Amino acid sequence: MIDRIRRFTQGVAVLLTTTSAAMAADRGTVHVVEGTGCECCSQWTEYLRQNGFEVTSEERYGALLIRHKMDLGVPTSQLSCHTGEIDGYFIEGHVPAADIERLLKERPDALGLAVPGMPYGSPGMGPENKRKAYDVNLVKRDGSVEVFSHYPAAQ
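Under mature numbering (1 follows the signal peptide of the UniProt record, and there is no 0), the residues of the sequence shown are numbered -24 to -1, 1 to 131, in order.
Hints in this document: simulated from the structure, not taken from any laboratory. A quick note: this is a predicted structure, and the numbers were derived from the prediction, not measured. C-beta: ideal position from N, C-alpha, C; glycine also. Honestly, I wouldn't trust all of these hints.
[Claimed, not checked] Just the calculated beta-carbon pair ranges, DEER-fashion: (1) Pro128 x Glu35: 29 to 35 Å; (2) Asp63 x Cys14: 21 to 27 Å; (3) His44 x Ala130: 31 to 37 Å; (4) Arg117 x Tyr96: 29 to 35 Å.
Generate coordinates for the entire structure from the input sequences, incorporating the hints supplied.
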């Protein structure tokens, strides 16, 4: 009986591991370029990992980071501290995982998503239960911006 329970438990563990790996593989890898020494950048990349994304990262300093953002087409009005890239889109700033998933599902004709600045309570920027209101913006290919998602202030 104990042997059956052990085999069942091992089978469940293999299934869960395989399912998690398959989910991450389906999403692709987010490559994040972080500002040198920025703690909230590493907190956001860890948040993505906790939400099932595979993440690679590198640090760039000052002008090299800004040049990278400009090369991807991030408007100056939408800048934040780090920039991710996944499946042909940029992800600028503290964008929630659900919005990245929606972007990948809907595949709009756009350059990417942005949360300008560093809004308190966004992923990697403090507790969500103390969140300030913020928007996740969709940056279109012509450089125009529209609200993709709105997150109200915590009550």
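Consistency of the hints with the structure:
1. For Pro128 and Glu35, the Cβ-Cβ distance of about 33 Å falls inside the hinted range of 29 to 35 Å, so the restraint holds.
2. At about 24 Å, the beta-carbon gap between Asp63 and Cys14 stays in the expected band of 21 to 27 Å.
3. For the pair His44 and Ala130, the beta carbons lie near 32 Å from each other, so the given range of 31 to 37 Å is met.
4. For the pair Arg117 and Tyr96, the supplied restraint of 29 to 35 Å holds, since their beta-carbon distance comes to about 31 Å.
When held up to the earlier numbered hints, the structure conflicts with none and fits them all.
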